[in-house]
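Quick note: the sequence shown, position 146, residue 150 per our numbering, numbers continuous.
Don't take each hint at face value.
As the list claims (entries may be wrong) - The following label-pair restraints were derived from C-beta to C-beta distances: (1) Ser70 to Ala141: 14 to 24 Å; (2) Glu93 to Asp136: 11 to 21 Å; (3) Arg135 to Trp13: 47 to 57 Å; (4) Glu130 to Arg109: 53 to 63 Å; (5) Trp13 to Glu134: 14 to 24 Å; (6) Asn142 to Asp110: 44 to 54 Å; (7) Lys45 to Arg109: 34 to 44 Å.
What the hints assert, rightly or not - No more than 30 Å apart at the CA atoms, straight line, and that leaves these computed lysine-lysine pairs for DSBU-like: (8) Lys114 to Lys58; (9) Lys114 to Lys45; (10) Lys55 to Lys95; (11) Lys81 to Lys58; (12) Lys58 to Lys45; (13) Lys56 to Lys114; (14) Lys45 to Lys95; (15) Lys114 to Lys95; (16) Lys114 to Lys55; (17) Lys45 to Lys55; (18) Lys58 to Lys95; (19) Lys56 to Lys81; (20) Lys81 to Lys95; (21) Lys81 to Lys55; (22) Lys95 to Lys56; (23) Lys45 to Lys81; (24) Lys56 to Lys45.
No lab work stands behind these hints: they were computed from the structure.
A virtual CB, placed ideally from N, CA and C, is assigned to each residue, including glycine.
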Amino acid sequence: MRKDSSLDWNQQVLNRLGLIEHKVDSLEQTTAFALRAEASKHRASAMEIFKKSKRRAQVYLAADGSRGVQEIAGHLKMQRQNITPELRELKDQGLLEIVGASGGRDLWGKTPIDRSLRITQFVCEEFNLERDGRPSANKKARRKRH
């Protein structure tokens, strides 16, 4: 006699799940795994934040977790009043966060989504910048947008 086909299918699914050895060490890794499944969609959304703003890209890259607003401005040789709005916008968009404090100043850093979607890599390539936000010595042509 034949078993119920839905029971067979359910059992097959359970057997397959039992064979999967996906180990997750943290909620951050779980989130990264989920984001990568639709990486192109999420990356497009994140990149819309930068549009054609090289300054925003530079501020994003310079926020390395060890710099406050004044240090970012000095590092990029920009005025503080030009840095603060960019930090605020990047924070509102979920790409930057305050990661600590030192000497009465907030330290800015990238959120974990950066590692999941490789935003730093994209921004460096798109705007011909080093990972610290400074202009790259390499004069590669910027990719054309369609």
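Structure-based check of all given hints:
1. Ser70 to Ala141: 14 to 24 Å: Once the Cβ atoms are compared, 23 Å apart, the range 14 to 24 Å for Ala141 and Ser70 holds.
2. Glu93 to Asp136: 11 to 21 Å: At 20 Å between Cβs, range holds.
3. Arg135 to Trp13: 47 to 57 Å: holds, 49 Å
4. Glu130 to Arg109: 53 to 63 Å: violated, 29 Å
5. Trp13 to Glu134: 14 to 24 Å: Violated, at about 53 Å.
6. Asn142 to Asp110: 44 to 54 Å: This hint is violated: roughly 32 Å between Cβ atoms.
7. Lys45 to Arg109: 34 to 44 Å: holds, 36 Å
8. Lys114 to Lys58: Distance ~17 Å between Lys114 and Lys58 Cα, so the pair holds.
9. Lys114 to Lys45: Status holds; Cα separation ~20 Å.
10. Lys55 to Lys95: holds, 16 Å
11. Lys81 to Lys58: holds, 14 Å
12. Lys58 to Lys45: The hint holds at about 22 Å.
13. Lys56 to Lys114: Holds. Lys56 to Lys114 sits at ~20 Å (cutoff 30 Å).
14. Lys45 to Lys95: Judged against 30 Å, a Cα distance of about 20 Å means the pair holds.
15. Lys114 to Lys95: With Cα atoms ~9 Å apart, Lys114 and Lys95 stay inside 30 Å; holds.
16. Lys114 to Lys55: holds, 18 Å
17. Lys45 to Lys55: holds, 15 Å
18. Lys58 to Lys95: holds, 17 Å
19. Lys56 to Lys81: holds, 20 Å
20. Lys81 to Lys95: holds, 21 Å
21. Lys81 to Lys55: holds, 22 Å
22. Lys95 to Lys56: holds, 18 Å
23. Lys45 to Lys81: Violated. Lys45 to Lys81 sits at ~34 Å, over the 30 Å cutoff.
24. Lys56 to Lys45: Status holds; Cα separation ~19 Å.
In the structure shown, a violation is registered for the earlier hints numbered 4, 5, 6, 23, in ascending order.
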